[in-house]
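Take a look at the letters that make up each chain.
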Amino acid sequence: MFRIIAAVIGRDLKLAMRRQADIVSALFFFIIVVSLFPLGIGPEPELLRKLAPGVLWVAALLATMLSLPRMFADDHRDGTLEQLALAPHPLGLVVTGKVIAHWLVSGLPLALIAPVLGIQFDLSTDALLMLTGAILIGTPALSGIGAIGAALTLGLRGGGVLLSLLVLPLYIPVLIFGAGAVDATVAGLGGEGHLSLLAALTFASLGFAPWASAAALKIALE
Amino acid sequence: MKDRFNLYRFASPATFYPFAGALIPYFVAVSILFGLAGLWLGMLVAPTDFQQGEGYRIIFIHVPASWMSMFIYLVMAGWAAIGLAFNTRLSGMMAQALAPTGALMAFLSLLTGALWGKPMWGAWWVWDARLTSELILLFLYIGYMALTAAIDDARRADKAGGLLLLVGVVNIPIIYFSVKWWNTLHQGSSVNLAKSSMATTMLWGMLLMAMCFWMYSIAIALMRVRTIMLERERHTDWVKAELLGKAGDEK
Chain S
19 MFRIIAAVIG
29 RDLKLAMRRQ
39 ADIVSALFFF
49 IIVVSLFPLG
59 IGPEPELLRK
69 LAPGVLWVAA
79 LLATMLSLPR
89 MFADDHRDGT
99 LEQLALAPHP
109 LGLVVTGKVI
119 AHWLVSGLPL
129 ALIAPVLGIQ
139 FDLSTDALLM
149 LTGAILIGTP
159 ALSGIGAIGA
169 ALTLGLRGGG
179 VLLSLLVLPL
189 YIPVLIFGAG
199 AVDATVAGLG
209 GEGHLSLLAA
219 LTFASLGFAP
229 WASAAALKIA
239 LE
Chain U
627 MKDRFNLYRF
637 ASPATFYPFA
647 GALIPYFVAV
657 SILFGLAGLW
667 LGMLVAPTDF
677 QQGEGYRIIF
687 IHVPASWMSM
697 FIYLVMAGWA
707 AIGLAFNTRL
717 SGMMAQALAP
727 TGALMAFLSL
737 LTGALWGKPM
747 WGAWWVWDAR
757 LTSELILLFL
767 YIGYMALTAA
777 IDDARRADKA
787 GGLLLLVGVV
797 NIPIIYFSVK
807 WWNTLHQGSS
817 VNLAKSSMAT
827 TMLWGMLLMA
837 MCFWMYSIAI
847 ALMRVRTIML
857 ERERHTDWVK
867 AELLGKAGDE
877 K
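Going line by line, the protein sequences match chains S and U. Residues in the first sequence are numbered consecutively from 19, following our numbering. Residues in the second sequence are numbered consecutively from 627, following our numbering.
In case anyone wonders, no lab produced these hints; they're calculated from the structure. Even for Gly, the Cβ is constructed at its ideal location relative to N, Cα and C. One or more of the hints may lead you astray.
Not everything, but these chain S residues come out facing chain U in the computed CB check (under 7 Å) [claimed, not checked]:
| # | residue |
| --- | --- |
| 1 | I41 |
| 2 | V42 |
| 3 | L45 |
| 4 | I166 |
| 5 | L183 |
| 6 | I190 |
| 7 | A230 |
| 8 | L239 |
Hey, can you work out the whole structure from these sequences and the hints?
What follows is the structure, encoded as structure tokens:
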């Protein structure tokens, strides 16, 4: 069971490494969106500190969304997806591998760069740590839920816009608890409760979303 | 229908089409009756609220619309589950026929809420947990309709839409509670919707209006499902006969 997951992760990572521009452009999208907010709002540190968690999280949601359409599209185009669906392993496990690979490529870099951007927003060390932790724990849920949307919109015209329409409402709980964790730390309340809920969302979506995506892929491949 | 009543008979569009057509007038009539009774009770009989004056009477539209918006999503998800489990054609059509009505109800609920909120709370919009989750429900309806509209193959549209509905219905409680907690964490509850007590006539007026909206939704969904059936089954003999028959009537 773990062999197939590991094999899919390895393959997707290798493909992603051959196209590093995609990873880097999503990362720079995140950085640019976050940097635009101070320009739009003004440089007052008080205000920026208050806005930072929300801004960083919304930008993270959008940056993760950016790479979602490619999760299945390339494999669908060259027929790999059909071969994977025909393989003796459950398609859900294959999708689990793809979700993990997507997170490693899109979510993990965001978590690593987020503290640097947090410094721009004058966040304290505690808040920076919490921000990194929250993004680290929360983004796998985004990849999981996003996989359902990517599978449902596979091969449709205007798939990218449609995907955001389907997926963003479902991202709301992650946004709330992710930004809430940092907010609570800034307010001195401690964000552990939010982190626990975030972890619950992540585990639930990693457990269930791949199977829903697999069902959606089967519909798309009919 | 001389033989034993068989529910499965109506799973086929060819038999459901005339059945739905026969049912529509009754649902319309019942809806109008309930609506007149509800409006009479709500607008004329129910006492003036001692805090909110006459303005509260928008509740007779607002609450039924909110109830229906949530209920219709559940019904759609139910149809989606039936459609995915038994692979019936009618289920997907019913879900698609219900979606615009559900979105309308969610929109009406938001609109009347804003109109009610302005004089009562002094703001068109507050980020109250209920308002926010109703807005998200509207987004979910729009997402469903956009997805089914983007897929040309009707069977795939039904199945993909059905899956989205099921995912949505699992997420609704999660979204609702997260929004609720977010709300209580971010701001003190400045808005309290809970009323101390409600006059019996108000409650009855609201229930009657809810029945009116319910019957209206069924009637309009049946009308819409009939058009969807004609469109999808246009290659079949019964649709051709149906359309020819109509053209014959008009001559």
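Status of the hints after comparison with the structure:
1. For I41 (chain S), the suggested interface contact is broken, since its CB lies about 28 Å from the closest CB of chain U, more than 7 Å.
2. With its C-beta approaching chain U no nearer than about 30 Å, V42 (chain S) sits outside the 7 Å limit, and its interface hint is violated.
3. Residue-level restraint check for L45 (chain S) is violated (minimum Cβ-Cβ distance to chain U is 27 Å; threshold 7 Å).
4. Given the 7 Å rule on beta carbons, the hint for I166 (chain S) holds: about 6 Å separates it from the nearest Cβ of chain U.
5. The interface hint given for L183 (chain S) holds, since its Cβ lies 5 Å from the closest Cβ of chain U, which is under the 7 Å cut-off.
6. A least Cβ separation of about 6 Å between I190 (chain S) and chain U falls short of the 7 Å threshold, and the interface hint therefore holds.
7. For A230 (chain S), the shortest C-beta to C-beta distance to chain U is roughly 6 Å, which falls under 7 Å, so the interface hint holds.
8. Against a cut-off of 7 Å between C-beta atoms, the interface hint on L239 (chain S) is violated, since the closest Cβ of chain U lies about 10 Å away.
Checked against the numbered hints listed earlier, the structure breaks hints 1, 2, 3 and 8; every other hint is satisfied.
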